[in-house]
Amino acid sequence: MTNILLACSAGMSTSLLVSKMEEAAEAKDMDVRIWAVAQDKAETEMEQADVLLIGPQMRFMKNKYSKTAEKIGIPLDVIDPVAYGRVDGEAVLNKALELIDKK
Amino acid sequence: MNNSKFMDLLERILMPIAEKLNNNRHLTALRDGFLVALPLIIFGSIFVVIANLPFLDQLLSEEAYTAYQNALNPASAATLSIMGLFVIIGIGYKLVEHAGGEGIYGGVVSLAGFLILTPQTVEETSGVIPTASIGAEGLFLGILTAFLGAEVYRFFVNRDWTIKMPAGVPGAVTRSFSALIPIAMTLFLFLIIRILFGLTPFDTVQNFIYTVLQEPLTVLGGGLPATIVAVLLIQLFWFFGLHGQILVNSVLDPIWYTLNNQNLEAFQAGEELPNIVTKQFIDTFIVGIGGSGMTLAVIIGIFLIGRSRQMKQVGRVSAPAGIFNVNEPIIFGLPIIMNPLVLVPWLVAPVVVAVVVYFSMAAGFVPKPAGIIVPWTTPPLLSGFLATGNAWQGAAIQMVSMFIVFFIWWPFLKIMDKQYYESEQQEDAAASKE
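So the protein lines, in turn, are chains C and F.
The opening position of the first sequence corresponds to residue 8 in my numbering, with each subsequent residue numbered one higher.
The opening position of the second sequence corresponds to residue -17 in my numbering, with each subsequent residue numbered one higher.
Any given hint could turn out to be false.
Claimed, not checked - Each pair of labels, with its calculated beta carbon distance range: (1) C:51 with F:2: 22 to 30 angstroms; (2) C:26 with F:408: 31 to 39 angstroms; (3) F:50 with C:77: 56 to 64 angstroms; (4) C:101 with F:199: 43 to 51 angstroms; (5) C:35 with F:84: 43 to 51 angstroms.
Stated by the list, open to error - Calculated cross-link-like contacts (lysine-lysine; reagent style PhoX-like; alpha-carbon spacing at most 20 angstroms): (6) C:74 with C:109; (7) C:74 with F:2; (8) C:48 with C:78; (9) C:69 with C:27; (10) F:2 with C:71; (11) F:396 with C:27; (12) C:48 with C:35; (13) C:74 with C:110; (14) C:110 with C:69; (15) C:69 with F:146; (16) F:2 with C:48; (17) F:415 with F:294.
If you're looking for bench data, these hints aren't it; they were derived computationally from the structure.
The structure presented is a predicted model; accordingly, all values stated were derived computationally and were not measured.
From the three backbone atoms N, C-alpha and C, an ideal C-beta is built for every residue, glycine too.
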């Protein structure tokens, strides 16, 4: 199973993406767990994740999260603003899988 | 300098500021402290709303109405009114936990330190703590005490002046002793501070902080000019796709909450409300109309005038979340970020609304916020009604604000829609030729 963690300020706007990403995963018949958290929970939740994606409006968290992500050994990135605006679940899902593959 | 270079430059200035504001240890702890208090604040707010339901004062006899309010008031008096206590515990907990210590001791040492610095007499009667001191008046001192208390506690823990227990003693017992010396030293320091201030004309630290820091800052922060600056900063950060609200909140929340609770005290006492700008002024009347930039009015505008597929698509995606004041889809989707075309309405509309709401409240057309904290995801109209202590004018002014935002955006939306529409027409024409 692939675990994809999303983080933003309160976990609200990223949770919009979660359901779209789940739909995209279902269409591909993939076994995934996708969940969204507020910024203060992200570091503890990271331990259960294979990849962390940050909402673009919180991209100033990337440096801080990078340290924890490196320790745990998972990739992270900021979600593309265009895909974020469209709530494009498939694009973000593909991005997450690509990040995991590269690792 | 061309446009994109200028944008790059601003981004390079704003990003580090955003990173510093958001990740600063003390501001993070402050934000977490308010988060800890939030459920209690909301609980108390709900009971202020219920205690002041419309028409009840006319339905019930005066006696029954007073009895009804007296029965419900402890709910808010024990939570919302003294939110500072919970914020202190939250800050102390988070600061010490963040440093790898036992968070709960950071919480209690901060709370005890604050109580040591708090006046413990009311009009010559000793052994009592004035509720005002642990309410709005004490919020600044509480926050500073929590910062100092947690740091000093950590300092003594790091010095390792702890009592060592022999092996075999249960862990919980060891921990309770290991905290003893750091806690004692920290609180002793607060006691000395209290005694020293007793020798000054200020008498108490609370009085000192209130007079030299809290009062001037809240007067400044409660004014229209500072509010406009705050609103512009929120908008500017968002224009670069950075979460402006969370950044500005982390600095201004202590001021906005203090102003809020001053209003709450007056509201519950049936007195005239002192402040217009409060936490709710920002959260409900500026941001709470679809999110920062009051984008629900923009979404409505898109539905009314949008002809292009792109605009319609943005409207459809953004509307459901927009009703609950989550607006990332429209900010990134329209897009608003880095889009010079919408910069003017984006910056101007919230400022105009802030001025209109401010003067509507100053003139008495709309009641001032009653100190009730309405969760920021509450849909507009309902939120305005609740925030003003169940006044229909609160909803009406949000309606007016939406019209203002709509009219300021209208020409810009038209231009944008036309551009999208024309390029879509060209694409379609090209596609049908193939």
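For each hint, the structure was consulted:
1. C:51 with F:2: 22 to 30 angstroms: Holds, at about 23 angstroms.
2. C:26 with F:408: 31 to 39 angstroms: holds, 34 angstroms
3. F:50 with C:77: 56 to 64 angstroms: holds, 58 angstroms
4. C:101 with F:199: 43 to 51 angstroms: holds, 49 angstroms
5. C:35 with F:84: 43 to 51 angstroms: holds, 46 angstroms
6. C:74 with C:109: holds, 18 angstroms
7. C:74 with F:2: holds, 16 angstroms
8. C:48 with C:78: holds, 17 angstroms
9. C:69 with C:27: With Cα atoms ~23 angstroms apart, residue 69 (chain C) and residue 27 (chain C) exceed 20 angstroms; violated.
10. F:2 with C:71: holds, 11 angstroms
11. F:396 with C:27: violated, 30 angstroms
12. C:48 with C:35: Not satisfied, since the Cα-Cα distance of roughly 29 angstroms exceeds 20 angstroms.
13. C:74 with C:110: Between residue 74 (chain C) and residue 110 (chain C) the Cα gap is close to 16 angstroms, so the pair holds against 20 angstroms.
14. C:110 with C:69: Answer holds: residue 110 (chain C) to residue 69 (chain C) is near 17 angstroms, not above 20 angstroms.
15. C:69 with F:146: violated, 40 angstroms
16. F:2 with C:48: holds, 19 angstroms
17. F:415 with F:294: Distance ~25 angstroms between residue 415 (chain F) and residue 294 (chain F) Cα, so the pair is violated.
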